[in-house]
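Q: Listed below, chain by chain, are the residues.
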Amino acid sequence: EPEVTQTPSHQVTQMGQEVILRCVPISNHLYFYWYRQILGQKVEFLVSFYNNEISEKSEIFDDQFSVERPDGSNFTLKIRSTKLEDSAMYFCASGRTWDRGRRNSNYGYTFGSGTRLTVV
Amino acid sequence: GENVEQHPSTLSVQEGDSAVIKCTYSDSASNYFPWYKQELGKRPQLIIDIRSNVGEKKDQRIAVTLNKTAKHFSLHITETQPEDSAVYFCAASIWVPGRRALTFGSGTRLQVQP
Numbered sequence: 209e210p211e212v213t214q215t216p217s218h219q220v221t222q223m224g225q226e227v228i229l230r231c232v233p234i235s236n237h238l239y240f241y242w243y244r245q246i247l248g249q250k251v252e253f254l255v256s257f258y259n260n261e262i263s264e265k266s267e268i269f270d271d272q273f274s275v276e277r278p279d280g281s282n283f284t285l286k287i288r289s290t291k292l293e294d295s296a297m298y299f300c301a302s303g304r305t306w307d308r309g310r311r312n313s314n315y316g317y318t319f320g321s322g323t324r325l326t327v328v
Numbered sequence: 007g008e009n010v011e012q013h014p015s016t017l018s019v020q021e022g023d024s025a026v027i028k029c030t031y032s033d034s035a036s037n038y039f040p041w042y043k044q045e046l047g048k049r050p051q052l053i054i055d056i057r058s059n060v061g062e063k064k065d066q067r068i069a070v071t072l073n074k075t076a077k078h079f080s081l082h083i084t085e086t087q088p089e090d091s092a093v094y095f096c097a098a099s100i101w102v103p104g105r106r107a108l109t110f111g112s113g114t115r116l117q118v119q120p
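In order, the protein sequences belong to chains D and Y.
Going by our numbering, the first residue of the first sequence is number 209, and it counts up by one from there.
Going by our numbering, the first residue of the second sequence is number 7, and it counts up by one from there.
Next up, chain D with everything else stripped away, as it sits in the complex (with noise of 0.2 Å):
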C-alpha cells in the first residue's frame, strides 16, 4: 500500500531556531496538507495545498510559516524562528481527488508516519 513518508522522525531544534520538515506524498496525490498535534490533544489543521498554491490556512499557519513543494515530489514545512509551543508531533498528508460516481469508495487523506518535534 502507498505511503506517505516523513523525515525526520524526531527533530530537537533550539528555541529561535529555523527547522524543516519533509514529506513525501503518494505520487498519484494531488492534495498535500500539515497537520499538527500537541501530545495527548486533538489533531489540528495548519495548511492545504493544491495546484502549486496554499488553498487554506488556519489562525495557527501563521508568518513563522511556510511551505514549499521545492521538486515536484517532495513537500516541506518551514519554521523559521521556533517557539517552545511550536512542540508536538507533525504530520504530513496527501489525499487524491473525490470520485462523484464512485459512492462507497473511501476517499480520505493518508497520512504520513509524523515528525515530532521538540523544541528546547
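Derived from the structure by calculation, the hints contain no laboratory data.
Just so we're clear, the structure is a prediction, and the values are computed from it rather than from any experiment.
Just so you know, not all the hints are guaranteed correct.
So the derived label-pair ranges between C-beta atoms look like this [what the hints assert, rightly or not]: (1) D:Ser-235 with Y:Gln-66: 25 to 35 Å; (2) D:Ser-281 with Y:Leu-46: 29 to 39 Å; (3) Y:Lys-74 with D:Asn-236: 24 to 34 Å; (4) D:Glu-209 with Y:Pro-88: 18 to 28 Å; (5) D:Asn-282 with Y:Leu-46: 22 to 32 Å; (6) Y:Glu-45 with D:Ser-281: 23 to 33 Å.
Straight line, CA to CA, 30 Å or less: simulated BS3-like cross-link-like pairs of lysine-lysine [said to hold, decoys possible]: (7) Y:Lys-28 with Y:Lys-64; (8) D:Lys-250 with Y:Lys-77; (9) Y:Lys-28 with D:Lys-291; (10) Y:Lys-48 with Y:Lys-64; (11) Y:Lys-77 with D:Lys-265; (12) D:Lys-291 with Y:Lys-64; (13) Y:Lys-48 with D:Lys-286.
Quick reminder that beta carbons are idealized off the backbone N, C-alpha and C, glycines included.
Based on the hints, put chain Y in the right spot on chain D.
A: The following block gives chain Y in isolation, referenced to the frame of chain D:
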C-alpha cells in the same frame, strides 16, 4: 468555522461488546465525515468515512451513521477485540476542490478489556 464535539472522551468495554462513539458538527455545509484510529505514538489511520449523500456505511465490524438534520454522526464497532484499543477521532470537512481541511473532534480513548 466548523466545530466538532466528540463523546465520550474515554470508553471501556468488554471484549465482544459493542462500542459507540458520537460526534456532532456545527457547519451544515460539511459533507464529508471520516473516522481515524490512532494507536499510541502512531499516525492517524482512516478506518471509515461517509459522505453526506448517504445515511449509513458499513465495513465488516465497523459502521458509521449520519444524521444531517441533527448534524451528528456515530461510529459503531461490534464484537470488539483488544486490538481495537486506541484513540478514535471523528472529523468533518466541506469538500471543495483543493480545500479539504479536516476539523477533528477531541478523540475517544477506547479500551477493550480481554
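Q: State for each hint whether it applies.
A: Hints and how they fare:
1. D:Ser-235 with Y:Gln-66: 25 to 35 Å: holds (29 Å)
2. D:Ser-281 with Y:Leu-46: 29 to 39 Å: About 30 Å separates the Cβ atoms of Ser-281 (chain D) and Leu-46 (chain Y), which means 29 to 39 Å holds.
3. Y:Lys-74 with D:Asn-236: 24 to 34 Å: holds (31 Å)
4. D:Glu-209 with Y:Pro-88: 18 to 28 Å: holds (24 Å)
5. D:Asn-282 with Y:Leu-46: 22 to 32 Å: Once the Cβ atoms are compared, 28 Å apart, the range 22 to 32 Å for Leu-46 (chain Y) and Asn-282 (chain D) holds.
6. Y:Glu-45 with D:Ser-281: 23 to 33 Å: Because 28 Å falls inside the window, the suggested range holds.
7. Y:Lys-28 with Y:Lys-64: Given that 30 Å is the threshold and the Cα spacing comes to 16 Å, the pair holds.
8. D:Lys-250 with Y:Lys-77: Given that 30 Å is the threshold and the Cα spacing comes to 20 Å, the pair holds.
9. Y:Lys-28 with D:Lys-291: violated (35 Å)
10. Y:Lys-48 with Y:Lys-64: holds (25 Å)
11. Y:Lys-77 with D:Lys-265: holds (24 Å)
12. D:Lys-291 with Y:Lys-64: The hint is violated at about 44 Å.
13. Y:Lys-48 with D:Lys-286: holds (22 Å)
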